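Asks: Next come the chains, spelled out residue by residue.
Number of protein chains: 2
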Amino acid sequence: MQSKRNFSAKREAIYETLVSTDIHPSAEWVYEQLKPKMPGLSLGTVYRNLAVFKEMGLARSVGVINGQERFDAKMTQHPHFICQKCFRIIDIPKGYNVLDKNAYTMIERECDVEIELHSITFYGLCKKCC
Amino acid sequence: MQSKRNFSAKREAIYETLVSTDIHPSAEWVYEQLKPKMPGLSLGTVYRNLAVFKEMGLARSVGVINGQERFDAKMTQHPHFICQKCFRIIDIPKGYNVLDKNAYTMIERECDVEIELHSITFYGLCKKCC
DNA sequence: CAACAAATCAGTAACTATTACTATTTACTA
DNA sequence: TAGTAAATAGTAATAGTTACTGATTTGTTG
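For the record, the sequence lines run as chains A and B. Using my numbering, you'd call the opening residue of the first sequence number 2 and step up by one each time. Using my numbering, you'd call the opening residue of the second sequence number 2 and step up by one each time.
Since the hints were made in silico from the structure, they are not lab data. Take these hints with a grain of salt, some might be off.
Identical copies go unnamed one by one, so any copy, or any two together, can satisfy a pair.
[Said to hold, decoys possible] Straight-line distance between alpha carbons at most 25 Å, and here's what the computed DSS-like set of lysine-lysine pairs gives: (1) 128 with 11; (2) 102 with 128; (3) 36 with 102; (4) 102 with 38; (5) 11 with 75; (6) 55 with 86; (7) 36 with 11; (8) 86 with 36; (9) 86 with 128; (10) 36 with 75; (11) 36 with 129; (12) 128 with 75.
Keep in mind it's a predicted model, so treat the numbers as computed, not measured.
Assemble the whole structure, with the sequences as input and the hints as a guide.
Replies: Here it is as structure tokens:
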């Protein structure tokens, strides 16, 4: 049986791991999840495939936390909340993103740029760390 | 003569370099600017003092670009624009930040978190790269 | 000003996330 | 099945950053 996306088995597993978690993992976390089930998996392969996903528009970077890049495969534009104590990254539902409708146009005109996308991140303490 | 902030000469020079540029520099850039005028300056000192400024609330991180952390000493909350081609970081005037007044309260209530600050970044192409 | 204590620093070594490289394996095609 | 391209493991290399140690500077107090 063949994947709908024609990914190799490992690429598919990496993508599935990424897309089915909401922790916005690092490359190493993905590797640690898969290594037991796939003993012949290399960390370099995880890095390379995460780069491939970014290139394909299937994943994006949420930022660098404690030196590690964190990834998200949920590609609808939504803000994040990062706890400054436990460094958990929480998705904020799209509806709560109240960036003005005209922001893109206004900034493009005033700042002389072409905006493709944006990222909104809130920082503070999550309920466990308050 | 003594600095208003009681900084050591090097700390003062690093802060002045950071606060008087709008390029949102990396540690290395700050070091390269100062090294000719201050031959006895160590890159480690720049890193350490940037960390001190963050701790003191005199600077913040704008993010990591091409593996390098970029800093900003303009502490009023304002969005940034990052050119995806030349990686220039441009300040967007505060007025254009149209995050809804109620966003903090709404997200805090719905997501059960305490928000301290936020960061808004737009990505695209600047006028030189369009 | 002198003497002491605390803070800061230079220089180097260590650390770690990430990337590059190469030989090997796997998948695809005809 | 043979041939070709893509993907991978394993390792080495890179680069940003941090840690450490002994020396220097700075601030303080008499």
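Asks: Hint by hint, say whether it matches the structure.
Replies: So, going through the hints one by one against the coordinates:
1. 128 with 11: This pair counts as neither: shortest intra-copy Cα distance 36 Å, inter-copy 41 Å.
2. 102 with 128: Only across copies: residue 102 and residue 128 sit 22 Å apart there, 31 Å inside one copy, limit 25 Å.
3. 36 with 102: Result: close neither inside a copy nor across copies, 44 Å intra and 46 Å inter.
4. 102 with 38: Neither: 46 Å inside a chain and 48 Å across chains, both beyond 25 Å.
5. 11 with 75: within (20 Å within a copy, 45 Å between copies)
6. 55 with 86: Only across copies: residue 55 and residue 86 sit 16 Å apart there, 28 Å inside one copy, limit 25 Å.
7. 36 with 11: within (11 Å within a copy, 48 Å between copies)
8. 86 with 36: Intra 28 Å, inter 36 Å, cutoff 25 Å: neither.
9. 86 with 128: For residue 86 and residue 128, the Cα distance is within 25 Å only inside one copy (11 Å; across copies 39 Å).
10. 36 with 75: The answer is within: 23 Å in one copy meets 25 Å, while 44 Å across copies does not.
11. 36 with 129: Intra 30 Å, inter 45 Å, cutoff 25 Å: neither.
12. 128 with 75: within (23 Å within a copy, 30 Å between copies)
Comparing the model with each earlier hint shows violations of hints 1, 3, 4, 8, 11; every other hint is respected.
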